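J.: Kindly generate the complete structure, drawing on both the sequences and the hints.
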Amino acid sequence: MVRSPEEEHPQKAFGWAARDNSGTLSPFNFSRRDNGEDDVSIKILYCGVCHSDLHSAKNDWGFTSYPVVPGHEIVGAVTAVGNNVNKFSVNDKVGVGVFVDSCKKCDCCQQGLENYCPQMILTYNSFSSDGTKTYGGYSDIIVVDQNYVLRIPDNMPLDMGAPLLCAGITVYSPMVYYGMNQPGKHLGVAGLGGLGHIAVKIGKAFGMKVTVISTSPKKESEAIDRLGADSFLVSTDPAKFKAAIGTMDYIIDTIAAVHALAPLLSLLNVNGKLVTVGLPEKPLELPIFPLVIGRKLIGGSNVGGIKETQEMLDFCAKHNITADIELIQIDELNKAMERLAKSDVRYRFVIDVGNSQSK
Amino acid sequence: MGDLAEVVQPKKAFGWAARDTSGVLSPFTFSRRATGEKDVSFKVLYCGICHSDLHMLKNEWGSSTYPLVPGHEIVGVVTEIGSKVENFRVGDKVGVGCMVGSCHSYDNCADNLENYCPKMILTYGAKDLDGTITYGGYSDIMVANEHFIVRIPDNLPLDVGAPLLCAGITVYSPLKYYGLDKPGMHVGVVGLGGLGHVAVKFAKAMGVKVTVISTSPNKKKEAIEHLGADSFLVSRNQDELQAATSTMDGIIDTVSAPHALPPLIALLKTNGKLVLVGAPEKPLELPAFPLLMGRKTVAGSGIGGMKETQEMINFAAKHNIAADVEVIPIDYVNTAIERLLKSDVRYRFVIDIGNTLKSTS
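First to last, the sequence lines map onto chains A and B. First residue of the first sequence: 0, per numbering that gives the first Met the number 0; consecutive thereafter. First residue of the second sequence: 0, per numbering that gives the first Met the number 0; consecutive thereafter.
Since the hints were derived computationally from the structure, they do not count as laboratory data. Zero decoy hints are in this set.
Within a straight-line C-alpha distance of at most 25 Å, the following computed SDA-like cross-link-like pairs (lysine to any residue) qualify:
{"hint": "1", "chain 1": "A", "residue 1": "281", "chain 2": "A", "residue 2": "23"}
{"hint": "2", "chain 1": "B", "residue 1": "268", "chain 2": "A", "residue 2": "178"}
{"hint": "3", "chain 1": "A", "residue 1": "241", "chain 2": "B", "residue 2": "282"}
{"hint": "4", "chain 1": "A", "residue 1": "239", "chain 2": "B", "residue 2": "118"}
{"hint": "5", "chain 1": "B", "residue 1": "357", "chain 2": "B", "residue 2": "78"}
{"hint": "6", "chain 1": "A", "residue 1": "208", "chain 2": "B", "residue 2": "117"}
{"hint": "7", "chain 1": "B", "residue 1": "268", "chain 2": "A", "residue 2": "106"}
{"hint": "8", "chain 1": "B", "residue 1": "118", "chain 2": "A", "residue 2": "246"}
{"hint": "9", "chain 1": "A", "residue 1": "104", "chain 2": "B", "residue 2": "184"}
{"hint": "10", "chain 1": "A", "residue 1": "132", "chain 2": "A", "residue 2": "35"}
{"hint": "11", "chain 1": "A", "residue 1": "104", "chain 2": "A", "residue 2": "132"}
{"hint": "12", "chain 1": "A", "residue 1": "104", "chain 2": "B", "residue 2": "242"}
{"hint": "13", "chain 1": "B", "residue 1": "306", "chain 2": "A", "residue 2": "248"}
{"hint": "14", "chain 1": "A", "residue 1": "184", "chain 2": "B", "residue 2": "175"}
{"hint": "15", "chain 1": "A", "residue 1": "281", "chain 2": "B", "residue 2": "292"}
{"hint": "16", "chain 1": "B", "residue 1": "175", "chain 2": "A", "residue 2": "269"}
{"hint": "17", "chain 1": "A", "residue 1": "104", "chain 2": "B", "residue 2": "245"}
{"hint": "18", "chain 1": "A", "residue 1": "281", "chain 2": "B", "residue 2": "261"}
{"hint": "19", "chain 1": "B", "residue 1": "118", "chain 2": "A", "residue 2": "243"}
{"hint": "20", "chain 1": "B", "residue 1": "220", "chain 2": "B", "residue 2": "262"}
{"hint": "21", "chain 1": "A", "residue 1": "241", "chain 2": "B", "residue 2": "118"}
{"hint": "22", "chain 1": "B", "residue 1": "281", "chain 2": "A", "residue 2": "237"}
{"hint": "23", "chain 1": "A", "residue 1": "103", "chain 2": "A", "residue 2": "118"}
{"hint": "24", "chain 1": "A", "residue 1": "57", "chain 2": "B", "residue 2": "292"}
{"hint": "25", "chain 1": "A", "residue 1": "104", "chain 2": "B", "residue 2": "183"}
{"hint": "26", "chain 1": "A", "residue 1": "317", "chain 2": "A", "residue 2": "77"}
{"hint": "27", "chain 1": "A", "residue 1": "184", "chain 2": "B", "residue 2": "110"}
{"hint": "28", "chain 1": "B", "residue 1": "181", "chain 2": "A", "residue 2": "175"}
{"hint": "29", "chain 1": "B", "residue 1": "268", "chain 2": "A", "residue 2": "280"}
{"hint": "30", "chain 1": "B", "residue 1": "126", "chain 2": "A", "residue 2": "244"}
{"hint": "31", "chain 1": "A", "residue 1": "281", "chain 2": "B", "residue 2": "245"}
{"hint": "32", "chain 1": "B", "residue 1": "118", "chain 2": "A", "residue 2": "248"}
{"hint": "33", "chain 1": "B", "residue 1": "118", "chain 2": "A", "residue 2": "238"}
{"hint": "34", "chain 1": "B", "residue 1": "306", "chain 2": "A", "residue 2": "269"}
{"hint": "35", "chain 1": "A", "residue 1": "281", "chain 2": "B", "residue 2": "284"}
This structure is a prediction, so every number in the text was calculated from the model and none was measured.
T.: Structure representation (C-alpha cells):
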C-alpha cells in the first residue's frame, strides 16, 4: 500500500512544496527517515533558491514528480549522528548540495565523481533505493548519509555560503577541469546571475582576466566596481562585440534560457573552450564550422563530486568568496520565484529557514 | 588546347581546372613562380581527390575563384631547390598538403599551428603572398616554400601515401590533441570514407579499440576484416546503439552531411569527446542535458600543422599505414568526381599525374 508523504518515514518534517506545474509552492507536511548508522541529521538554517528549483517546480524539464519540495543549497546544524559517522559531530555547521547518494562502487564514484554516477540520487525529485521520494531543503530537517555532507568552513557565513553548494560547485568544477584557472588567461562569463556572479569572483581569485558578457547594460557598473570583473561586453552592441572577437581563452556559459552559441564561439581564440552549465529546455544550435576552423570545443559540466565540493568551499573561505544574496522568509517563496523568472535578484534568494514561521 | 591563366609567371605549368560552378574540369595551361631561395620545386606524380575538392569545384563554400585547379594531396619528386633550402635535395620524394603559406610570426604559427593562422594560405583557390591565385595538385609541377613541404619516407609508396596529406593529418591531429591515442581506449569512427578508413588504421596502430559507426551495413565486413576495426555499429539500428551506450572514450566524426549529434553523444562515456572533422554547413542541434550529465564535449579539428603533418607521415610509414586508393588517369577525373559525390569509391581516388597528365600544347 502506498503511504502518504507524512507516513512514509518515522520523523515528522515540514516544508513547502509545489503540487502541479503552476509551480506555486505551499506548506507541506511530510516525513524523513530515522537517523541511520551512516547518517547525519541536520536542522536546516538556510536554503538557496536555485534556478533549477524553478524549472523543477514548473516541470520545465518534464520529469518532475509532484509534490516536489525543491532546494539543494542547504546549510544547517547537525542534530544527530549515526554510529558509523566519523566525519561530523552534533552542532557542526554543514551543507548538503545537489545529490544525497550514489552507488559508491562504479568508476565515477571511486574517482570522486559521484555527480556522474548513473545511479546518483538527487536531493529532491529523485527516488531512493527504498522507493521513497527525496525532498529538498525548502524544509526544516534533512537526514543524509555522511558521505554526501559537506563541512562549512568556520569563517564562512552560513547564509551567504549556502548558494555555493550548487552555484559555487557548478562553476568551480568546470573551471578547474577545463583549465579555466590559469593566471593571466582571459575568461568570459556569459550571464550575470546566481552562477555568473560567483564565476566572476572565482575567476578573479584564480588570477584570470574576466569579461562579463551580458544582455543588460545596467549590470556593467556592478560587474566591474563591485564584483571585480576587468571588463563588460554587452552582447547586443555590434561594434564592441566585433572588437572582442577571438580574444577569449575560455567562456563559462551560465545562461539558463535558450540562446545563440555562434556569437559566443566567435569570441574564443583558437583552441578556445566554451563550457555550458545552464540547462535550457530546448536544444541549442551549434554551428560546426567555427569548431573545425578554430579547433574549439563546447563542453558540459554538472555540479561536482563531494571531495571537489569540499575543496571549493575551502577555496572560497580562503579567498572570502560568498554569494551576494537576498534573504527571504519561507512564505515569500512564490514572490521570489516570480522575480527569479525575471532575473530580478542580486544574485541569489536564500530562505531563512531557521527563522521562518513554521506554519 | 587549354585556356591561359591571366598572370604569366616564369615556369610553364599544365593542369586541369574548373571554369565555373558546374565544377567540370578540363585542360588548363598556366604558370608558376620561379624557384625562390626558400622554395622547393617538384614534379607531381600523384594527387589525391579530397571531398573538399568537390565542395570547392562547385563553390559550395562561396569562396571559389575560377579557373580553379584543385588538389591538396600532392606527392612527387624534387626537381629544383632554392639557394637557402636546407632540408631537401633534388630527387627527394616529397608532398604538399592543404597549405602553402602562413605568416610565420603570429602566435599560432609559433606553436606549429600554421593551420590555425589567420593568414594561412591554402594550396589552391587562395591569394598568395605575391597576389596571384594558388593552383593545386591536379597539375604537373608544384613550387612551394620549404616550410610547407613534407618528406615522404622511402618505404611509403607515393600513390597510397598521397591522401595522407589531407585525410591522414585531418584524423591524426585530433586523435593526438584530444588524447584519444592511448592504448586500451575505445574510439568510435563515424563514416567510413576517405577520412574514416584512415582514422581506423591510425587508431588501431595507436593501440586503440575501434568501432566503426556507419549507415551502411554492407561496409561491416570491410571494416572488420580489411581495415581491422574491432566492431561495427549500424547507426540506424536502435538496438545496436543502445547496447553501445556509454562505451566510448571518444568519437571521430568524419561525416560532413547534416546528422544528429545526440545518438553519438550517448555512445560516449563520462568525460567523452565527440570530435567533428567534417563540417556540415548548417548548425546542428545540441541538447544541453546529455552534455552536462556526462561532462562530455563536442569539439572540432581542421587538418594539422606542418610539424605534426611530418610526424603523421613518419608514423604512417613506420606502421605501414596508407590509404586504400583507386588510381585513375587524369581524363577520368570528371567521372571520378561524380562517383565521389555518390560515395562510390574505396576509399580515395588518386590521379596518376606522372603517367597521364600531359600538356596538349
